[in-house]
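Residue numbers for the sequence shown follow our numbering, beginning at 1 and rising by one.
Think of the hints as simulated: they come from the structure by calculation, not from any bench. Everything numeric in this text was worked out from a predicted model, so none of it was measured. Positions of the beta carbon are idealized from the N, C-alpha and C atoms, including for glycine. Hints should not be assumed to be uniformly reliable.
To be verified - Here are the simulated distance ranges between beta carbons:
id : residue 1 : residue 2 : range
1  : P855      : S521      : 44 to 50 Å
2  : S148      : N694      : 17 to 23 Å
3  : R652      : A772      : 31 to 37 Å
4  : D300      : R265      : 56 to 62 Å
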Amino acid sequence: MNISALFIRRPVGTLLLTLGVVLAGVLSFLNLPVAPLPKVDIPTIQVQANLPGASPATMASTVASPLERRLGTIAGANEMTSRSTLGSAQITLQFDLNRDIDGAARDVQAAIAAARADLPSTLKAQPSYRKINPAEAPIMILALTSRSRNPDQIYDAVSNIVQQKLLQVNGVGNVELGGAALPSVRIEINPTLLARDGIALEDVRTALQSASTDRPRGVIESIGVEQGANGRRGLAWQVYSNDPALTAKDFAPTIIAWRNGAPVRLMDIGKVIDAPEDTRTMGLFNGKKAVPIIITRQPDANIVQTVDAIKAQVPGLQALLPDDIKLSVVTDRTVTIRASLAEVEVALLVSTLLVVLVVSLFLQSWRATLIPAAAVVVSLLGTLAVMYMSGFLLDNLSLMALTVATGFVVDDAIVVVENIARHVEEGVKPFPAALRGAREVGFTVLSISISLVAVFIPLVFMGGILGRLLREFALTMTAAVAISLIASLTVTPMLASRLLEREADRDAHVDRFSRVVFDRSRRFFDWLHRGYARQLDWALAHRGPVLLLLLGAVVLNVYCLMIAPKGFLPQQDTGSMAGGLRVDQSLSFTSLREKMTQIERIVRSDPAVANVVAFAGGGRAGSGFMFVNLKPRDQRVAVTDVIQRLRPKLGRVRGVSLFLNPVQDLQVGGRQTTSMYQYVLHAETPDQLADAGNRLVKALKAQPGKIIDVDIDQQDAGAASYVDVDRDRASSLGISMLTVDNTLYDAFGQREVANIYKGLNQYHVVMEADPAFNGKPEALNDLYLPVGGAIALAPQAASANASLGNNQALGSAVSTSASKLVQLSTLARWRSASTNAAVSHSSGEPSATISFNLPPSVSLGQAGQVIADAQRQLRLPATVHGDFGGTAKVFQQSTATIPLLIVAAIAAIYIVLGILYESAIHPLTVLSTLPSAGLGAILALIVTGGEFDIIALIGIILLIGIVKKNAILIIDFAIESERRFAMPPLEAIREACLLRFRPILMTTLAAALGALPLAIGFGDGAELRRPLGIAIVGGLLVSQVLTLLTTPVVYLALDKWRRRSPFEHMLARHGDEDSAPEAVKA
1 MNISALFIRR PVGTLLLTLG VVLAGVLSFL NLPVAPLPKV DIPTIQVQAN LPGASPATMA
61 STVASPLERR LGTIAGANEM TSRSTLGSAQ ITLQFDLNRD IDGAARDVQA AIAAARADLP
121 STLKAQPSYR KINPAEAPIM ILALTSRSRN PDQIYDAVSN IVQQKLLQVN GVGNVELGGA
181 ALPSVRIEIN PTLLARDGIA LEDVRTALQS ASTDRPRGVI ESIGVEQGAN GRRGLAWQVY
241 SNDPALTAKD FAPTIIAWRN GAPVRLMDIG KVIDAPEDTR TMGLFNGKKA VPIIITRQPD
301 ANIVQTVDAI KAQVPGLQAL LPDDIKLSVV TDRTVTIRAS LAEVEVALLV STLLVVLVVS
361 LFLQSWRATL IPAAAVVVSL LGTLAVMYMS GFLLDNLSLM ALTVATGFVV DDAIVVVENI
421 ARHVEEGVKP FPAALRGARE VGFTVLSISI SLVAVFIPLV FMGGILGRLL REFALTMTAA
481 VAISLIASLT VTPMLASRLL EREADRDAHV DRFSRVVFDR SRRFFDWLHR GYARQLDWAL
541 AHRGPVLLLL LGAVVLNVYC LMIAPKGFLP QQDTGSMAGG LRVDQSLSFT SLREKMTQIE
601 RIVRSDPAVA NVVAFAGGGR AGSGFMFVNL KPRDQRVAVT DVIQRLRPKL GRVRGVSLFL
661 NPVQDLQVGG RQTTSMYQYV LHAETPDQLA DAGNRLVKAL KAQPGKIIDV DIDQQDAGAA
721 SYVDVDRDRA SSLGISMLTV DNTLYDAFGQ REVANIYKGL NQYHVVMEAD PAFNGKPEAL
781 NDLYLPVGGA IALAPQAASA NASLGNNQAL GSAVSTSASK LVQLSTLARW RSASTNAAVS
841 HSSGEPSATI SFNLPPSVSL GQAGQVIADA QRQLRLPATV HGDFGGTAKV FQQSTATIPL
901 LIVAAIAAIY IVLGILYESA IHPLTVLSTL PSAGLGAILA LIVTGGEFDI IALIGIILLI
961 GIVKKNAILI IDFAIESERR FAMPPLEAIR EACLLRFRPI LMTTLAAALG ALPLAIGFGD
1021 GAELRRPLGI AIVGGLLVSQ VLTLLTTPVV YLALDKWRRR SPFEHMLARH GDEDSAPEAV
1081 KA
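Sequences and hints are given; from them, build the entire structure.
Structure representation (structure tokens):
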């Protein structure tokens, strides 16, 4: 059966069908969503709980642990981590990739509700949760600045305008305002003045709560009916009382007590000021005070579409803001994404032109060149249509698949056109030559395409993050190969029947320049052909050394694979850097503010830096963050060079460390660390964890040439003042531990004691001791506690109490008699000690995350070995164990998966070829070409200083599909010659090698030149494309040299074994002509 005959005889229908595919492809290209990488949305939910003033240890034991017990029972939760800091606990749950995020969110909500009874009663708000995507960096960062407003005033102006409007944008997942807090009324109390008047801190808190109420007051309705202008009507009056206090000026005269008939007002015992509710915050944008806005996308949202929607909102948002507030774009992730995709599109165009040029040099005719060129265009556009219908993205990997596919899809057309052209040169007219030529190579083209598709089958069914990354690539390549197969059997022979002509006719209308180029290329290819014939004869005469050469290639392949540096994904230059700031754990926030300003100034001074935004404080006690936007690629050095240049300058700032990392398109892991890669330590007790973590970090820092930027999130050296209360003495005075804790919280916890309602927002009244009294631990001596019995009072309190009469107003929130106070130091002692500035858990047990970066020329695999060696040398206790997290964990998993993946791809090819050839032996001849391809790819990576990573693995998989094509072209014609003309195997294989030398050379050069623009690697995103191009070009060069000699030798060796094998005889199909494929019968 000749499938091509129908299309050859119906050119109009074939052209119209082809035009339909082209139009569908163009429309699909214009509408395909754009992204940097395929969707790798890890279902992740983050739970947040806040208890202002609570220590990290308190947050961990009273908030994080009860929540973890409930959240840990949710089905499908692969990883649960928590981090408790001052006043904040954050729990992150990562679920199976196949877990529905909405269903997981409902389970999280139920778990939080179940845990509510176990949480502290002082936890005012229910713990909140949100869906996040840890694999995604912020898609856009904005900054708000003003010359006339403080950051808290900016924060207030935008929190209900900008934040809400941005959250309404389709695709936006979270909008975080940093570097500031809402305005508030702050009460800074002088403890000495309180004690003088016999007033306890709790008395002040009670009075403030009563002074700022805004409760419903009801309605008065008339009982009777009055006669009005419009007839009889009833009246109703809304009831109002004095307006609630709203500002510091309103609160200052508030009476908190009466002494000797005179009021004691709030302003008499401290300062009342309008200030941020949290003074331990800061934000900077290019050196100016600012409120940064960090925007992340929702899982499944398209990054480019989301950013475009945000940009469309920016002018409207600026119009809503006061005139003195400026909204600026700091970073936009899509700038480099668009540039990177544009570079890949250029590479795709260059690849197509190079492939067409190679084909024209071989076919010696511009008219003949149009045939495979048309096949390439139809195949690529048809693939775009399939991508659109399948819901794929136009990303770096899919565009790389299309670029590499240019060298694949032209193969089938080359095989068909070359065979038809051979018949035309023999004197057959183009139309019958097309019918005969297409029929002869139909089975060969089918074998090449199906066996190539078989390579991608294991990639399609892979699980995990690696599978998510490679699935669209594999399906895109599969679609390209399938459409190429269809085009080569339909439109290609149809065009050949109309456009091909004999050499004599062709030369008559070829211009002089083309004739010179074609003549020289013909002579060059003839010279290559003669040289190959000599080398082939030598190889056939010396089969033993050739087989040893093949065996040596296998051994060398394994050795090179073992020594090659290994990684996960190439480190990208996205034009952005992110940095985590780590300060000495006992450093005050005032000092942190100064250090952050100094660090920001150093980074901003680098010539490659365009914008810098930095912020600290809030729920991030003792740390800060910085995002850096770099200038365009042609105006600066690589991002890694910028980091290397800044590292020594930043190292001169004492007491603080900034760990800068290039922002990547894919980030794995729910832990937020200062460096890129993570190693997680687990232990039974916090003490064991602290000891092991500090020892391991010290050992790793001693190897700066192998691992750098070593940091640990374990913060157990923070300065603390422990108040040791004499419980017996306190009990005898009627003082409970709750009273002690409340007094300490009132003085030092920035306690929110009341609410203020005005306009569109809600604000807080914050109470604390005057900063002049809490600057050092000795301030504890200035605190006084109310007692429950007759005791000796502090001198100030005693004198105030003695002068008072019985002037109490029962039921009043304001005290009218002096409280009996006792100085804290009479029943407690304080001591300095160290404490945890942060407490981390992993799956409910104590954990610490060591983060690190890689120096130049050190791979992730080598760094992993360094950590393993250090841990082994330290001989850590058996109760302490560690494992990699985030990207390093996925790398470990992929390292174990890669050999299985390669074996599965080879097995798939063997099965498909065995079915096609109905032989268990001939597929082995085809597979014998693979070692040389793998050797060339790995050697090329080693020589160019690359790593064997996921992108290089794709190149290896593609090579498995490419190089076996050479063997298929040779074996098909050898088998045909043996069966049709009864040629001896030696003569048949020699004839096949010489006859198919030109199409093999054409297809190999086409594939190599198709990948060459990727290997050269220019422009944005080149670091992601380069390993793929290098692996393919290197593998093709080595395999082309070796397989043309080893394939015929292996064929003869296996043919001899096949003839002697009883198993093959048993399986063989007898009947010669009846059992041969259609192409062979021809």
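Against the structure, the hints:
Between P855 and S521 the Cβ separation comes to about 47 Å, which falls inside the hinted range of 44 to 50 Å. The beta-carbon spacing between S148 and N694, approximately 48 Å, falls outside the hinted interval of 17 to 23 Å. Checking the proposed 31 to 37 Å range against R652 and A772 shows it holds: the Cβ atoms sit about 33 Å from each other. Distance hint for D300 and R265: a CB-CB separation of about 57 Å, consistent with the stated range 56 to 62 Å.
The structure fails hint 2 only (numbered hints given earlier).
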